[in-house]
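Given the coordinates of chain S, assemble chains B, H, V, U, A and C onto it according to the supplied hints.
Chain by chain, the residues run as shown.
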Amino acid sequence: MDFIENIEWSVLMTNAGIIILKLLGIIIAFLIVKAIGNKVIRKMFNRLQERENISNGRALTLHSLTLNIFSYVLIFIFIVMIFQVFNYNVSALIAGAGVVGLAIGFGAQGLVSDVVTGFFLLLEKQIDVEDYVTVAGFDGIVEQVGLRTTQIRGFDGTLHYVPNREITNVSNHSRGNMRALVDIGISYDDDIDKAISVLQDVCDKLSTEDENIVEGPNVLGVQALGSSDVVIRVLAKTKNMEQWAVERNLRKAIKEAFDANEIEIPYPHQVNVEKK
Amino acid sequence: MDFIENIEWSVLMTNAGIIILKLLGIIIAFLIVKAIGNKVIRKMFNRLQERENISNGRALTLHSLTLNIFSYVLIFIFIVMIFQVFNYNVSALIAGAGVVGLAIGFGAQGLVSDVVTGFFLLLEKQIDVEDYVTVAGFDGIVEQVGLRTTQIRGFDGTLHYVPNREITNVSNHSRGNMRALVDIGISYDDDIDKAISVLQDVCDKLSTEDENIVEGPNVLGVQALGSSDVVIRVLAKTKNMEQWAVERNLRKAIKEAFDANEIEIPYPHQVNVEKK
Amino acid sequence: MDFIENIEWSVLMTNAGIIILKLLGIIIAFLIVKAIGNKVIRKMFNRLQERENISNGRALTLHSLTLNIFSYVLIFIFIVMIFQVFNYNVSALIAGAGVVGLAIGFGAQGLVSDVVTGFFLLLEKQIDVEDYVTVAGFDGIVEQVGLRTTQIRGFDGTLHYVPNREITNVSNHSRGNMRALVDIGISYDDDIDKAISVLQDVCDKLSTEDENIVEGPNVLGVQALGSSDVVIRVLAKTKNMEQWAVERNLRKAIKEAFDANEIEIPYPHQVNVEKK
Amino acid sequence: MDFIENIEWSVLMTNAGIIILKLLGIIIAFLIVKAIGNKVIRKMFNRLQERENISNGRALTLHSLTLNIFSYVLIFIFIVMIFQVFNYNVSALIAGAGVVGLAIGFGAQGLVSDVVTGFFLLLEKQIDVEDYVTVAGFDGIVEQVGLRTTQIRGFDGTLHYVPNREITNVSNHSRGNMRALVDIGISYDDDIDKAISVLQDVCDKLSTEDENIVEGPNVLGVQALGSSDVVIRVLAKTKNMEQWAVERNLRKAIKEAFDANEIEIPYPHQVNVEKK
Amino acid sequence: MDFIENIEWSVLMTNAGIIILKLLGIIIAFLIVKAIGNKVIRKMFNRLQERENISNGRALTLHSLTLNIFSYVLIFIFIVMIFQVFNYNVSALIAGAGVVGLAIGFGAQGLVSDVVTGFFLLLEKQIDVEDYVTVAGFDGIVEQVGLRTTQIRGFDGTLHYVPNREITNVSNHSRGNMRALVDIGISYDDDIDKAISVLQDVCDKLSTEDENIVEGPNVLGVQALGSSDVVIRVLAKTKNMEQWAVERNLRKAIKEAFDANEIEIPYPHQVNVEKK
Amino acid sequence: MDFIENIEWSVLMTNAGIIILKLLGIIIAFLIVKAIGNKVIRKMFNRLQERENISNGRALTLHSLTLNIFSYVLIFIFIVMIFQVFNYNVSALIAGAGVVGLAIGFGAQGLVSDVVTGFFLLLEKQIDVEDYVTVAGFDGIVEQVGLRTTQIRGFDGTLHYVPNREITNVSNHSRGNMRALVDIGISYDDDIDKAISVLQDVCDKLSTEDENIVEGPNVLGVQALGSSDVVIRVLAKTKNMEQWAVERNLRKAIKEAFDANEIEIPYPHQVNVEKK
Amino acid sequence: MDFIENIEWSVLMTNAGIIILKLLGIIIAFLIVKAIGNKVIRKMFNRLQERENISNGRALTLHSLTLNIFSYVLIFIFIVMIFQVFNYNVSALIAGAGVVGLAIGFGAQGLVSDVVTGFFLLLEKQIDVEDYVTVAGFDGIVEQVGLRTTQIRGFDGTLHYVPNREITNVSNHSRGNMRALVDIGISYDDDIDKAISVLQDVCDKLSTEDENIVEGPNVLGVQALGSSDVVIRVLAKTKNMEQWAVERNLRKAIKEAFDANEIEIPYPHQVNVEKK
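Residue numbers (UniProt numbering), protein chains in the order written: chain S, 1 to 276; chain B, 1 to 276; chain H, 1 to 276; chain V, 1 to 276; chain U, 1 to 276; chain A, 1 to 276; chain C, 1 to 276.
Among these hints, one or two may not hold up.
[Stated by the list, open to error] Below, a list of computed lysine-lysine pairs in the DSS-like style, where the Cα atoms sit at most 25 Å apart:
id: 1; chain 1: C; residue 1: LYS34; chain 2: C; residue 2: LYS22
id: 2; chain 1: A; residue 1: LYS275; chain 2: C; residue 2: LYS239
id: 3; chain 1: V; residue 1: LYS275; chain 2: S; residue 2: LYS194
id: 4; chain 1: C; residue 1: LYS194; chain 2: C; residue 2: LYS255
id: 5; chain 1: V; residue 1: LYS125; chain 2: H; residue 2: LYS275
id: 6; chain 1: B; residue 1: LYS194; chain 2: U; residue 2: LYS255
id: 7; chain 1: C; residue 1: LYS125; chain 2: C; residue 2: LYS239
id: 8; chain 1: B; residue 1: LYS252; chain 2: S; residue 2: LYS275
id: 9; chain 1: V; residue 1: LYS194; chain 2: A; residue 2: LYS205
id: 10; chain 1: U; residue 1: LYS194; chain 2: A; residue 2: LYS205
id: 11; chain 1: C; residue 1: LYS237; chain 2: H; residue 2: LYS194
id: 12; chain 1: C; residue 1: LYS275; chain 2: B; residue 2: LYS252
id: 13; chain 1: S; residue 1: LYS205; chain 2: S; residue 2: LYS255
id: 14; chain 1: V; residue 1: LYS275; chain 2: C; residue 2: LYS255
id: 15; chain 1: V; residue 1: LYS239; chain 2: V; residue 2: LYS125
id: 16; chain 1: H; residue 1: LYS275; chain 2: U; residue 2: LYS205
id: 17; chain 1: U; residue 1: LYS255; chain 2: V; residue 2: LYS275
id: 18; chain 1: H; residue 1: LYS252; chain 2: U; residue 2: LYS255
id: 19; chain 1: V; residue 1: LYS252; chain 2: S; residue 2: LYS255
id: 20; chain 1: C; residue 1: LYS275; chain 2: V; residue 2: LYS275
id: 21; chain 1: B; residue 1: LYS275; chain 2: A; residue 2: LYS252
id: 22; chain 1: B; residue 1: LYS34; chain 2: B; residue 2: LYS22
id: 23; chain 1: V; residue 1: LYS194; chain 2: V; residue 2: LYS275
Simulated from the structure, these hints should not be mistaken for lab results.
These numbers come from a predicted model, not from an experiment.
Isolated chain S (complex conformation):
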């Protein structure tokens, strides 16, 4: 066993001592950083909850998510450091594994994108369950805001699963009063002033009857001189999600008032010229 004697045991020993010291240092640093990090995150969320007026459930979701991500990152760094102590260059191992790494990196990127967007959707309260929104080309009621996907129930009953990374611009239709708008055409032969006064009467009556109307309705004036009719615009502000009902009521009331006052809603017109 000449070979074993050749090994320089003393060097090995010294190295082993250094390694053990390093390991101890890393573990202690790890524990300290984790404790401090957790405390910082807890305080941050307490302050955030007070300041931004976030509901308890939402704050808890965000808090536990942040803690999870923090501990995963810490464990990852911890493992890499330990490997480096043993002189296995793990990060090079992963980075160097170009083929696999690149592919996985892109995959993971999608996930991270989803989670980051989901985080801000929750934090900035852009979207809430039960909201009527338009995101990524889909229109409907939000059923669930997850970290990876948001579920939107279309008005025809379809359930749309939208990955959060697809959500850039959010159009939220449940943030305040909505507008009810009716464009109504009258004949070129009718008197505009008379039509407007009839319309305003209808508006005033509806305004007192319908409690869903917040403001108006009011007659704005001549919106267009169409090919067969003079278009007059009526505008109102309604409670949220009541805009369609108000518009339907407005249309019915206007039609009936026009019938009573003999104002015509004209069909398309055409002048026929006989060829000489």
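This is chains B, H, V, U, A and C only, laid out in the frame that chain S set:
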């Protein structure tokens, strides 16, 4: 053979000893990590199955897939480590082979993208065989959800093979009740109230007769003042996939009720003015 | 010749010995890996052929392709390793040649993309020669599925060369029965029930006469209340590629039955109002 | 305890001395750079505020934002330097963690993009709260300009959350006078000169009555020879946001003036040729 | 000259010897690789020419192109190796010159893309001079297939220069027989069977007269029930580029046969309802 | 204080000497390069101003911008070099900070893109304040050309802020004479030659009266045989920005000349066939 | 001054000697490479000019451009090499300055792209001043082909500045004869043979009269059976840029010939069915 004597055998020996020790360490680490990893994955899937209410078959598919991926990654790392012990920098070899690596990386990236998306499609139950879905612009019944491709049978009989990476937004039409919507135009000369009451009678009768109707149908009111007709909207909620049959029944019943009550569904109108 | 004596021959000798040993090791490793790889690939394809029911010709094509790729990769690695033994960092050479490498890499990437997609097209049997498919916006009969390009013969006689990488979603119209669908408009004055019973008679007769019809045809009901006609939908399932002939027969039979029963297929209608 | 004696304590000591000196140097440098940086930023903003005429609130927001970013970057560099002193290559650690780093990098990139764009939106005063703007395809009144998102209230009541990075071109409709434009068609049988003089009379009257009109309105001339009418264009410059009201008033006045002067706004014409 | 004596001449000498040996090795390797490579390329093209039936001119073009590329790559590697011998890290020099290199790399990438695509266009015979093709949105006759650009003469006389990299899908209209298709509408009052028999007579006559017709023409049946006409489809297969002439002849013959048999090609119909 | 004695003071001293020498060298090089660079830039701009005929203000803007960029780059390099002397690898620090660097890099890239494009917009005089241009889909008068954004005032009063990087193609409508084009339809029953001679008379008269017309107007001939009219085209060249006024005058003059000569501008025609 | 004595002067001296030798070598290599390069470029352009028939001015432009680029690249390499001799890793400095480098790299990339495309536009003569071309969506006459931008004068007088990198496909309308095409509709009641013979007479007459016609015009036959007319196509080949004048003459001559021969160019037809 002076040359062989020149070789420093003792250094070689020491190196060999270190290499053997390293190899042993790697193999042991490999076995331990594999055992622990398998256990962790098994437990994770057990908990997941309980919590998320996943069917047994689906859970098994996901479990074996996860185990496969885990062991492939482990073997890859194992091989690279062993090469590194012999001082062949394999990862540099692969990464450095820029031309080939880049090309293969992009190819493999597509595969990984497919598998990752497929994994989440299965895990989050966004898509099930027999579902009627719209994904990547294709409309149809899901025939198979694979890890690389999803097969969708279009209503015209075409079989669409969609790589999973092409599936971002999923519109699933088989997740709950659907809407039946019929817009019906009446003449400007007809009485709106009478038309609405006739329509509501039709709706009430159908509602009791047709067990596919879950809610309604109800008359919403005047949806639009068209160029030749007053459009009234009727809405119902039906059992899944029965929306078209309900709509067809509604249309037939409305047409017959209007004929009986002499309410006109008007043709397009045009006012002819004779040129003076 | 003082200079030659200055060279440290002993160091050179030792190095030469190590190099020769390394070369031998690489060659042996190369031979072993190649033999094992070939065996593994052969077994894999045997099992694949049994399980997936792939035709012999197709299996041979895929087998030889896989063997080729495997041996090219092996030879590439082999050459790089030998160069490294002589301390020429070949991979750095290639990777470092950034300008040329980047350009070629992108070029080669396209080729690899083509081959990878071609491989899966063949393996997953998404496309077969003689199939009627829609890929990359082209419609037609597949003439050839190559590793780089797929040739599709359009119905107007044009031959489309589609690089495989352009093929993502595959719509294969030759995978099972197809649908024949005829929408037919009847007059608002006609009786819907009578029209439906006439249509169903036509369908039943055709169903017994035409052996290309697999299921139906059946009358679904009132599909729409059009501006001038009540649209009724008829649906059938036919043998593959016979859907157009069945639709043509259906249309002719319906037209003749309607003529016989005096049911009108209406022209567009317009109500003319005289200007008072 | 032979092993502890083997450790070369003197080398360790020397290293420790160097490390302590380096740490001191870094901390001092850190403090100096921070103090200088803060001073420079303060002066820069003072000068900027004077020169660019920025409101106090806006300047404070930008100032504190710049200070925050500066101190984060400094702390980041500080930490990395300290780690390097202890020979842990932190930057390599982060960079090498290719998979995670790449993914997070892309996520963070989005955030940075948002903040950078937000910074310039505020600095260059392209957007102000209460402005009527068109950005990223959304039309409406700006409700809030944040560092990450801008909130725009659409005219129909919808609240659009637009991430700042989506804002490239900004169309601000609240920067000066707006244009009111009315195109009016007269009959081919009417005299153009007479129509223009009637129109100009209307314009002149309105110009004196309506204080929202800044310039004009003026009759430009024959804008087009349409299929049934000669189109004449009227143009005015109005106070901001009053363009629609002015256009409505113009249309009503023109219609009434034409009625009074018997100038016809023609319906679409068609020449009917009887088939011989 | 104390300084010159200080230089370790012996070390310099040894290095010089090693460098000269290395240079010799590189030059010899270069010559061998070049000779072998040329031979391999020549053989490859001989075999390719036999197997793929490529014309002599085309084979020569491809051969000399391949030889050129091969020798450029070899010379590039040769130069880099020689620089490395003198310890100037040329590849790092080029790669490190990030700014310039990146920019040039992208430029060169376009060129390489052009050449690679051009190579395959020539090799796979997707395009030939005088072919009628559709590539990159341009329609016309190929005038020249170069390595960088392809020239296509549009039917209106325009000469389109298309960089080869823009050519992905190639639609070649000069690869076999083409289809002539005529859709003809008959009146709803005409007898379908009679019309079809008249059409088939026309087709049979033309089929014997016109030698450009390869197959058919045949009457397929009722293609559609239009709003004013019953559409019948006629199909033929013609010699390449003769499809338009055949279609023109078909249309003229059908029109004349219909006139002779009093079958109407109907104008658009409209039912006029008088307002009660 | 055994520890301090252990430090190898002599080595430290030597290093310190080298460092000081290096620092001196760097500072001297810095000063020389700066002086030379400034001189070169000044001369370059002097020559440029003479040759390209650039206005003084514009030249000053470009000059000071170039000097600023040059000195920033120099200072950056200077700092990095000094850090390298102290063995802190600053560039690695920045580059290695992959996450932050990548994100900032992309942000800064946008700024640089803006500035580079702005530089060329100014230098090549593609855009001037007061020009009427179409860039990035926006139409209007240029109000300001900045280094980061260009401000364009739309004709409706909107102010568009366009980041320079969005400006690729510039369509400048203020670079020379413009075209006035009027297409006029006459009846199929009118004599083409008579109509053309009447039109040419109108053109000749206008040409002498209107000093905004540079060339023409001339009658080109029969531009199209429309469905109801024979379209004749009239073309003129006008002073810049006067094209619309000239077109309006042309239309009015033509209409009046046609009325005087009894040439009809026809309404859409339709042949009515009575159903037998 | 113990410290100065500690410096190992002899090592410094040796290094200085090596550095001076290296510098000399680099300078000599630089001069040789430059001389050879210039000669090679000159010869290349001489040969190119002879072979490709390039005008003198164009050849000079390309020649001086190539010389400039070559000398810039050489100077860049020269500077980097000299810095490397002094052990300042300049390339790392530039490359490492990731933030700035990346940003500038992208900016410079655009410039290089412009210049490369401009180079090939000039060399391959795809575009010439005075040509009528369609590039990057712009239609017009080329006014200037620069290395960075191409100026195109639109037919409406607008001057389009197109960066060369935006120019991929070039459609040059000034490369040979153009096509004149007139589609003319005759009545369904007219005799096709008579119409064709009248048309051919017109064509033959025009062909002898108009020297701008190179080939034809010829009557091709029945191009379509329209809804109200039988469309007949006439085709001619004309001198470049004369196609529009020829088409106008053709239309006028055909209209007059049809009037003389009482062949009708029909208005749109409609069959009116009276509602029973």
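Hint check:
no. : hint                : verdict
1   : C/LYS34 - C/LYS22   : holds (18 Å)
2   : A/LYS275 - C/LYS239 : violated (49 Å)
3   : V/LYS275 - S/LYS194 : violated (45 Å)
4   : C/LYS194 - C/LYS255 : holds (15 Å)
5   : V/LYS125 - H/LYS275 : violated (57 Å)
6   : B/LYS194 - U/LYS255 : violated (53 Å)
7   : C/LYS125 - C/LYS239 : holds (21 Å)
8   : B/LYS252 - S/LYS275 : violated (44 Å)
9   : V/LYS194 - A/LYS205 : holds (22 Å)
10  : U/LYS194 - A/LYS205 : violated (64 Å)
11  : C/LYS237 - H/LYS194 : violated (61 Å)
12  : C/LYS275 - B/LYS252 : holds (24 Å)
13  : S/LYS205 - S/LYS255 : holds (14 Å)
14  : V/LYS275 - C/LYS255 : holds (21 Å)
15  : V/LYS239 - V/LYS125 : holds (21 Å)
16  : H/LYS275 - U/LYS205 : violated (55 Å)
17  : U/LYS255 - V/LYS275 : holds (20 Å)
18  : H/LYS252 - U/LYS255 : holds (22 Å)
19  : V/LYS252 - S/LYS255 : holds (22 Å)
20  : C/LYS275 - V/LYS275 : holds (19 Å)
21  : B/LYS275 - A/LYS252 : holds (24 Å)
22  : B/LYS34 - B/LYS22   : holds (18 Å)
23  : V/LYS194 - V/LYS275 : violated (38 Å)
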